[in-house]
Amino acid sequence: MHSAEPEASGALLREGVEALRLAGSETARLDAQLLLGQAMGLDRTAVLAHPELPVGAEAAARYRAGVRRREAGEPVAFIRGRKEFYGLTLSVDRRVLIPRPETERLVELALQEVRQRLTANRADGEGAPIRVADVGTGSGAIAVALAVSLRRIGALATVEIVGLDVAGDALDLAYENATGHAVGAAVAFERSDLLGAEAGTMRSPFDLVLANLPYVRSDAMAGLPVATSFEPLLALDGGADGLDVIERLLGQLPEHLADGGLALLEIGADQADLIVERCARVLPGWACQVEADLAGLPRVALIERG
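For the sequence shown, numbering that gives the first Met the number 0 gives the first residue as 0, with consecutive numbering after it.
By construction, these hints were calculated from the structure, which means they are not laboratory data. Small disclaimer: the values here were computed from a predicted structure and weren't measured. Watch out, some of these pointers could steer you wrong.
Using C-beta positions, here's what the derived DEER-type ranges look like [said to hold, decoys possible]: (1) A71 <-> A7: 24 to 30 Å; (2) A48 <-> S203: 49 to 55 Å; (3) E189 <-> D92: 16 to 22 Å.
Think of the CB as a built atom: it goes at the ideal place given N, C-alpha and C, for glycine as much as any other residue.
Could you put the whole structure together from the sequences, leaning on the hints where they help?
Take a look at the structure:
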């Protein structure tokens, strides 16, 4: 019995794009390219450059199965099992929120702050490490991206990073990502409800507190894309005004943020005024300003101890 003739990658790609467009995907072409590349063991640029490549029956079946999952609304990142973030490829699945490009701005600001503090420490002759907490670490995206960036500039040994999350299964994935990028020994992962007392070995105060906590308003959850329904509700729903969880963290900062410390908190694009008002109420005398992301939208609240 002869095996089926291989199909051309270009024809398969067109088939997938059409199916995903009919299913309502706004990124049908990109989705199909990523899924075909995954099935063939190639990156999407190779798929695009060589539409004549033969695709065997098994790879074609994997691709079509992936397209069906995407038609049902499942995020491409979960189908592929990975997501690119800050130049890294991270493992992701339904245990965690998929890292978003806008969160890269938080990593940029954190790296900038750590570098400034390292320079100041050297000038003052201080040898104490800079302590950083990534609260609600999820996949570990922020903590791992920061650690890898610090390793590249030879500064990782002078910074202590801990990733905290209330979900133990998320911490397992975060550790997997840290290990995969060779920073498993440099980033500790501990179970904790925000900066609460559940983390047995956590030591505060921290010089820098980073957090991408849920900030979607509860009444807006139903209007989110279908793909978000595959992500943990705990990582998205921020309560009535979207700031319930963030406000709890604000209330913990006086106990856990060092004198002269800084908190960098990701917020929704429509929450700039709200976070400033909330900080003024919960943390009177502290400073709060909001930095925009690369799209020019309010994205990260910088909160300094008063």
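Given the range 16 to 22 Å, decide if the beta-carbon distance of E189 to D92 lies inside it.
holds (21 Å)
Lying within 49 to 55 Å: is that true of the beta-carbon distance A48 to S203?
The hinted range 49 to 55 Å holds for A48 and S203, with Cβ atoms some 51 Å apart.
At the C-beta level, are A71 and A7 separated by a distance inside 24 to 30 Å?
Holds, since A71 and A7 (Cβ atoms, about 26 Å apart) stay within the stated range.
Violated hints are absent here; each numbered hint is respected by the structure.
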